[in-house]
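S.K.: One letter stands for each residue in the lines below.
4 protein chains.
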Amino acid sequence: MDKYTTIEDLKHLVQKFTQERDWDKFLFPKTISIYLSVEASELLEKFIFVDNNESKQCLIDKQKEIEEELADIAYWILQMCWIYKIDLATALDKKIKANAQKYPVEKAKGNTKKYNEL
Amino acid sequence: MDKYTTIEDLKHLVQKFTQERDWDKFLFPKTISIYLSVEASELLEKFIFVDNNESKQCLIDKQKEIEEELADIAYWILQMCWIYKIDLATALDKKIKANAQKYPVEKAKGNTKKYNEL
Amino acid sequence: MDKYTTIEDLKHLVQKFTQERDWDKFLFPKTISIYLSVEASELLEKFIFVDNNESKQCLIDKQKEIEEELADIAYWILQMCWIYKIDLATALDKKIKANAQKYPVEKAKGNTKKYNEL
Amino acid sequence: MDKYTTIEDLKHLVQKFTQERDWDKFLFPKTISIYLSVEASELLEKFIFVDNNESKQCLIDKQKEIEEELADIAYWILQMCWIYKIDLATALDKKIKANAQKYPVEKAKGNTKKYNEL
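Taken in order, these protein sequences are the chains called S, G, E and F.
Residues in the first sequence are numbered consecutively from -6, following this note's numbering.
Residues in the second sequence are numbered consecutively from -6, following this note's numbering.
Residues in the third sequence are numbered consecutively from -6, following this note's numbering.
Residues in the fourth sequence are numbered consecutively from -6, following this note's numbering.
It is possible that part of the hints are untrue.
A pair counts as met if it fits within one copy or between any two copies, since identical chains are not told apart.
Quick list of in silico lysine-lysine cross-link-like pairs, DSSO-like style, CA-CA up to 30 Å [unchecked claim]: (1) Lys39 with Lys(-4); (2) Lys106 with Lys57; (3) Lys102 with Lys4; (4) Lys(-4) with Lys102; (5) Lys88 with Lys102; (6) Lys(-4) with Lys107; (7) Lys39 with Lys57; (8) Lys9 with Lys49; (9) Lys95 with Lys57; (10) Lys95 with Lys55; (11) Lys49 with Lys90; (12) Lys106 with Lys9; (13) Lys87 with Lys4; (14) Lys(-4) with Lys18; (15) Lys100 with Lys90; (16) Lys107 with Lys57; (17) Lys90 with Lys102; (18) Lys100 with Lys88; (19) Lys(-4) with Lys106; (20) Lys78 with Lys18; (21) Lys95 with Lys106; (22) Lys55 with Lys100; (23) Lys(-4) with Lys49; (24) Lys100 with Lys18; (25) Lys49 with Lys106; (26) Lys87 with Lys106; (27) Lys(-4) with Lys55; (28) Lys100 with Lys(-4).
Hints in this document: simulated from the structure, not taken from any laboratory.
Can you build the whole structure from these sequences, using the hints too?
M.R.: Printed below as a string of structure tokens:
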């Protein structure tokens, strides 16, 4: 579905869910940010005992749960962008361009150094 | 842009950035999950002293920084979905359907109770 | 009890619990750090809908749960310090001295600016 | 120092630092909880690329930074307990007793299952 689904489509999906329940009024930017942090922790918890490489298998073993956690995070990002009129595609495009300048290919290729250590 | 941009388009955007730098090999599910948690905290930090309602103004005052943090979180979600072949639109659709059952409109409308307290 | 209990006493308490269950072998610094992050999120979740000032009443209403979350975080800090031979009192003393230099009383008094904005 | 330092001593240390700067008034339970989450993420970030076992060496290589992050987390726990009159030693003792019941030695020994899967 990712091939045909626009960000706007997903925004509509989350918006409809929230509006039907009259939940918009609870969703301040700070509240949504806490949800993002809480959901990210729930995802991370799935990998607590495995090593990096093992986490690939873990993702397969717990696929349903992990996809649910990823969906939760995406849900809150979309919610924030919907309610507060942020264009996510633009924001992402800008950020990647900024990162491309901080991490020029010839310096960053194949290493994990931070931009201020390159 | 959200109107015309598909999830797949955004996946291509992040994928291109990562592959040019040969960074895919560092990006295990566990690593990406830690990034998600770290970026969510960076977003949350922007709102540390304001109240819920004030966080709306805070979002306007710090719009550039906050959009960058949201883009970072979206980046890692898309990265995870791209590398590990997860269809985000499907995952989100499923999750919202599951939540709709846990939170039926007639019970959940206008309150913030958890589904097990409804 | 805080009046008479040393950090060392608490380290013994957590150590005994872990050793009886033969859990030390699972507790790498990275694992403990993930636990810290997860437990901090669980604490934060208690305050998701309240405002800053309301969170004082929330702390009273959910005292038992909140004390449990605080204990969990303390548990992992002590566990890390115990297993990896870190003297917590020394580390805290050093950090507060460093912060006292970053935040001199005459500049920092009564405001929440970051040290690089003072 | 952990041998001779009581929790109360550390509470005094953090309290003095905060009161000199007149910062108590900013420190609501929710604010402190966000700080805990943010600091825990900063600690976790140190271990982002290493594996569990490698994180032991990482802790040695980045000892100063890591001790600072641990001190920050301890600082906020103590701050919360000081301002809101929570006895940390009692809270920890209670929590460990509760955990001892959830994880009886004979069932929990040597495995990482959650109590509801034992």
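S.K.: Are any of the numbered hints broken by this structure? If so, which, sorted upward?
M.R.: 6, 19, 28
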